[in-house]
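Chemist: Given only the sequences and the hints, what does the whole structure look like? Please build it.
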Amino acid sequence: MSKVVGIDLGTTNSLVAYVESGRPVVIRDDNGDALVPSVVSVGEDGTTYVGREAQRRLLTTPSRSVYSVKRFMGRGIEDVEHEVALLPFWVSGDPGGVVRIGFADREFTPPEISAFILRELKHRAEEHFRARGDFDFEVDRAVITVPAYFNDAQRTATRDAGRLAGLEVLRIINEPTAASLAYGLDKRNRGTIAVYDLGGGTFDISILKVEDGVFQVLATNGDTHLGGDDIDRLLVEQVLAEIAGPKEQDATTIEAIRRAVIQAKWDLSDIDETEIRIEPSPAAHAGYLRTITRVDFEDVIRPLVERTLEPCRQALADAALQPSEIDEVVLVGGSTRIPLVRRVVEELFGRKPHSDLNPDEVVALGAAVQADILVSGRREMLLLDVTPLSLGIETMGGVVSKIILRNSTIPATGREMFTTGVDNQTGVDIHVLQGERELAADCRSLAHLHLGGIPPMPAGLPRIEVRFQIDANGILSVGARELRTGIEQTIEVKPSYGLSDEQVERMLLESFEHAEADFEARLLIDARNEAESVIHATEKVLRRPDFAALASEQLNAGERERIDTALAELKAVITSSERAVIQEKTHALNHVTQHLAEVTMNQTVREALAGRNVKDI
Amino acid sequence: MLECRNCGAGAPVDEHFCPQCSRILALGRHGDYFTFLGLPRKLLIDPQDLERRFRDLSRKFHPDYFYNATSGERLASLERSSYLNDAYRALKNPVSRIEHLLAIEGLPSARSDDPSTGSGQTPAKVPPSLLEEVFALNEELDEIRALRESGEDSEPLLARLANARKPIDAKRDEHERQLQELSARWDSQEQAPAAEKRATLTALRERLLERNYINNLLATIEREGSGLQPQISLSPKP
Numbered sequence: 010m011s012k013v014v015g016i017d018l019g020t021t022n023s024l025v026a027y028v029e030s031g032r033p034v035v036i037r038d039d040n041g042d043a044l045v046p047s048v049v050s051v052g053e054d055g056t057t058y059v060g061r062e063a064q065r066r067l068l069t070t071p072s073r074s075v076y077s078v079k080r081f082m083g084r085g086i087e088d089v090e091h092e093v094a095l096l097p098f099w100v101s102g103d104p105g106g107v108v109r110i111g112f113a114d115r116e117f118t119p120p121e122i123s124a125f126i127l128r129e130l131k132h133r134a135e136e137h138f139r140a141r142g143d144f145d146f147e148v149d150r151a152v153i154t155v156p157a158y159f160n161d162a163q164r165t166a167t168r169d170a171g172r173l174a175g176l177e178v179l180r181i182i183n184e185p186t187a188a189s190l191a192y193g194l195d196k197r198n199r200g201t202i203a204v205y206d207l208g209g210g211t212f213d214i215s216i217l218k219v220e221d222g223v224f225q226v227l228a229t230n231g232d233t234h235l236g237g238d239d240i241d242r243l244l245v246e247q248v249l250a251e252i253a254g255p256k257e258q259d260a261t262t263i264e265a266i267r268r269a270v271i272q273a274k275w276d277l278s279d280i281d282e283t284e285i286r287i288e289p290s291p292a293a294h295a296g297y298l299r300t301i302t303r304v305d306f307e308d309v310i311r312p313l314v315e316r317t318l319e320p321c322r323q324a325l326a327d328a329a330l331q332p333s334e335i336d337e338v339v340l341v342g343g344s345t346r347i348p349l350v351r352r353v354v355e356e357l358f359g360r361k362p363h364s365d366l367n368p369d370e371v372v373a374l375g376a377a378v379q380a381d382i383l384v385s386g387r388r389e390m391l392l393l394d395v396t397p398l399s400l401g402i403e404t405m406g407g408v409v410s411k412i413i414l415r416n417s418t419i420p421a422t423g424r425e426m427f428t429t430g431v432d433n434q435t436g437v438d439i440h441v442l443q444g445e446r447e448l449a450a451d452c453r454s455l456a457h458l459h460l461g462g463i464p465p466m467p468a469g470l471p472r473i474e475v476r477f478q479i480d481a482n483g484i485l486s487v488g489a490r491e492l493r494t495g496i497e498q499t500i501e502v503k504p505s506y507g508l509s510d511e512q513v514e515r516m517l518l519e520s521f522e523h524a525e526a527d528f529e530a531r532l533l534i535d536a537r538n539e540a541e542s543v544i545h546a547t548e549k550v551l552r553r554p555d556f557a558a559l560a561s562e563q564l565n566a567g568e569r570e571r572i573d574t575a576l577a578e579l580k581a582v583i584t585s586s587e588r589a590v591i592q593e594k595t596h597a598l599n600h601v602t603q604h605l606a607e608v609t610m611n612q613t614v615r616e617a618l619a620g621r622n623v624k625d626i
Numbered sequence: 102m103l104e105c106r107n108c109g110a111g112a113p114v115d116e117h118f119c120p121q122c123s124r125i126l127a128l129g130r131h132g133d134y135f136t137f138l139g140l141p142r143k144l145l146i147d148p149q150d151l152e153r154r155f156r157d158l159s160r161k162f163h164p165d166y167f168y169n170a171t172s173g174e175r176l177a178s179l180e181r182s183s184y185l186n187d188a189y190r191a192l193k194n195p196v197s198r199i200e201h202l203l204a205i206e207g208l209p210s211a212r213s214d215d216p217s218t219g220s221g222q223t224p225a226k227v228p229p230s231l232l233e234e235v236f237a238l239n240e241e242l243d244e245i246r247a248l249r250e251s252g253e254d255s256e257p258l259l260a261r262l263a264n265a266r267k268p269i270d271a272k273r274d275e276h277e278r279q280l281q282e283l284s285a286r287w288d289s290q291e292q293a294p295a296a297e298k299r300a301t302l303t304a305l306r307e308r309l310l311e312r313n314y315i316n317n318l319l320a321t322i323e324r325e326g327s328g329l330q331p332q333i334s335l336s337p338k339p
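Those protein sequences? They're chains Y and C, same order as listed. Each residue of the first sequence is one higher than the last, beginning at 10 in this note's numbering. Each residue of the second sequence is one higher than the last, beginning at 102 in this note's numbering.
Since the hints were made in silico from the structure, they are not lab data. Even for Gly, the Cβ is constructed at its ideal location relative to N, Cα and C. Don't take every hint at face value.
Said to hold, decoys possible - To give an idea of the interface, some chain C residues facing chain Y are shown, with a C-beta separation under 8 Å as derived from the structure:
(1) 147
(2) 149
(3) 166
As the list claims (entries may be wrong) - Covered by chain C, according to a simulated footprint, are these stretches of chain Y (three or more residues, beta-carbon under 8 Å):
(4) 219-226
(5) 272-282
(6) 417-426
Modeler: Here is the structure:
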C-alpha cells in the first residue's frame, strides 16, 4: 500500500509526519532535523534546491532563491506591493490576477514554488520509508495544513500546489485545529480550548469545544500577514538604518542581516542579551556589531505582538465566551517561543498556556492524524471545522449579500435567488466575494461567474437559484438552476487570484522538466547541513553573555584559540564541493568543542537547579 | 419516500441509512430540520440534547468517514453533513428556530423585512403595536439631531438618547417574554384544532416582525449615539 502523510507547509519551515501504529511521528533527516526551511533555490545549471541548502544559497546567490512564498499564495500584486522592498526576488503580476515571482531568470506562480517544497517533503518521506525497508514506499496522498484564516483563493492555491507536486490532496485542514488534534490524543478529555498559533507569516486563533472525541471549532479569527517574518523585517530595517557602506542595500547584505537578526531573535528566547554581528563585506559595508537585550527587542516587537489581541477578542465574542471560560490555551508556531508572546497570551486568558509539545511540530502531527482518520476510517476522533470568513455575492449598488456567515460549521450550504433585469435576458453575471465588510470593494473577490442558458422570458420572471457549497476543505463550489424550467445553468468560474485547471495541467507537464539534485549532490548537502548545525551550536555558546566568565574560569589554555581556528576552517569550506573535507572539518570542530559543551551543559544544569530543593528534583 | 441508489429499496424520507443495505441515503428534497434531527416540532428544546444529536449524527455522516466510499455515497455524506450543520445552526438559536417552524408550517417568511440583511433602512410599515413608541422616538431623535447641529454639548444629548431608548428596551423585553409564552403554548398544542395552532403561529410571526423592527430602532439609536460622540467632542465650543 502506498503511504499517506500529513504536511505542515509553513511560511518559514515545512514538515512531514505520518502515523505509525496509532501514533503520529515527524520524519527527520540524519541530523535529527525535522524542519525543512521553506526556501527554494535554482542553480545555474537548472538544478533546484529546497531546504537548508537553498537557505545557504540565499546568502551566496540571493537572486536565484526565494523564501516565504506562502505569503503570496492566492494573492494579487496589489495585496503584496508594500512588502516586497527587501526581498531578493522579483514580484510582479497584473492587477487583479495571480502574483508571479521572478528569480533565477524565470517566473513562477506561488503554487509552483510551494510544489518544489512539497516534492522535497514527499522525497524525504519516501527515503524514510525506503530506508526502513518498506516494500511500497511511494507517498502519493497527503493532508496539507493551511492557516485557519486563509481565504478560498489561498486554500485553492495550496491544493493546486499539492497536485503539482504529484500528491493527491486528501484534505486541506486548518493549522490550529490540526494542533488541537495532536494535543487531544493523550488527554481524551472535554473542555474548551483556545489555540494561539503565531508562525512565520500568519497568525490564527481558534476556539474549540472538545467532547466525546469530537473537536468542534466554535470560532476562528486571525491575520494572514502577521508573523515572525514581520518581526525580522522590523529588525532588518533597524540594522539597515545603522549599517554604513557604499552598497549596504544589496541583496547579499540584506540576507546577511536577516540571518543575523533571526539568530539574535532566537537567542533572546533563552538569554537576556546577545549580539547582532555581521561580518564586513569589503565591496558593500564595513560590518556591524551591537548588543541587543531582551528589553530592547520587546520594545521593537510589542506593537506587532499586540496586533494578535484583537483577533483573539473577536473569536471569543463570536464563540460567545469570556476569556475565563477557556479551560486550556495551547501555543503553536515558532514565534510563540518568544517570552513576550507568552506573557501577552497569559495575560489575556488569565492562565498559563500549554506548550508541552514542540510548537514547530504539533501541526504536522495533527495533519498526520487526520490523514490516518481519512484512509483508515477510524472513528474515535472527528474534526468539525468552520469557514473563517463570510461568503456572499455582490448585489445592487456594490453591496455584499452574505450567503454563508463566518464561523459556520463546514461542510455548509447557502442559497440565493436571482432573476433577470431585461426581457429575454439569457445570462447573468455574478460576483462571488469573501469577507466581513459591507461593500464589495472592501471584500476579497473570489470569482466571477457567468450563468448562461436561461430560456428567454420577460424580465423578472426567471427564478434562478444559486447554490453555494463549502466542502470539508473549506473550499467553495457554486451551482445554479432555473426553477421554473428546471434547467441546470452552465457555470463558468473565473477565479480572481487562482489558476485555471488548464494552467495547472500545463504546469504539471512542465514540472517534469526540472532536474532535482542527484544522489551525490544530496550527500554533499547532507554534509553541509551537519556542518552548519555544528557551527550554529558552537556560535550560540560563544554569544552567551556569561561566556567570558565561563571561559576564564573553566577553559584550558589555548582552548578558545583552537575552537576559533576549527570554526573558521569549517566556515571556509562549507560551501565547497569537497564532501570529505567538509566532513573532516566538521569532525574537527566537534572534537575541539567537546569539553566546552560539557562545561556549558553543567553550567546550565547548575542554573536550572539553583534555588531548588533536593526534594524537588 | 427515498430510493436507495445502492440496492433500490424504498426508505422513509426521514431515514439517513437504507433499511435494506444500510448504505447512506441521498438527501432528496428534505425540508424539515426537526425531523432530520429526530426531534418533534417543538420550540422549547434542551440545548444539550440538541448538541448531542448533532454530534452523534456528525459521527455518522461526516465526509471524513466516506473517503473510500463510492462517489454516490461521498456525495450523500457531503449533502447530509451540510444539511445537518445548517439544521443545527438554525435550531440552536431560538429566533431562527421559530423562523424555521413558520417556514415548514407554510407561513410567509418573517425575514423578508429583516433589516439586518438589507441596507439598514427602516422598513416603511410600522407594526401597529409600536406606533406610539416609534412616533415618540422619531420626534426625540429629530430634536437631538437639530441640537447637535447647532453645537450643543454631547453629554446631555447622550443622556437624552439613553432616556429615549428606555421604552424601546422595555418593549423588547416584553417581546422576548411573549415569544417564550407563545413558544410554550405551541408546544402544548399538539392535539389542538388546526385553527388554534394556526393562531399561535400567526402570533409568533407578528412578534418576530415586531422584534426585527425593534432591533432596527435600537440600531438607529446606537448609530445616533456613536455619531454623537466623536463629532461633538471634536468641534470647538462657541
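Chemist: Compare the structure with each hint and give your call.
Modeler: Quick rundown of the hints versus the structure:
With its C-beta approaching chain Y no nearer than about 16 Å, residue 147/C sits outside the 8 Å limit, and its interface hint is violated. The interface hint given for residue 149/C is broken, as the beta carbon of that residue sits about 10 Å from the closest beta carbon of chain Y, more than 8 Å. Here the hint on residue 166/C is kept, as its CB sits about 6 Å from the closest CB of chain Y, short of 8 Å. Interface restraint, the region 219-226 of chain Y with chain C: holds (4 residues with C-beta to C-beta distance below 8 Å; minimum three).
Restraint check on the region 272-282 of chain Y versus chain C: 0 residues with Cβ-Cβ distances below 8 Å, three needed, restraint violated. Proximity of the region 417-426 of chain Y to chain C, defined as three or more residues with a beta carbon under 8 Å from a beta carbon of that chain, is established by the 6 residues found.
Of the numbered hints stated above, those contradicted by the structure are hints 1, 2 and 5, listed in ascending order.
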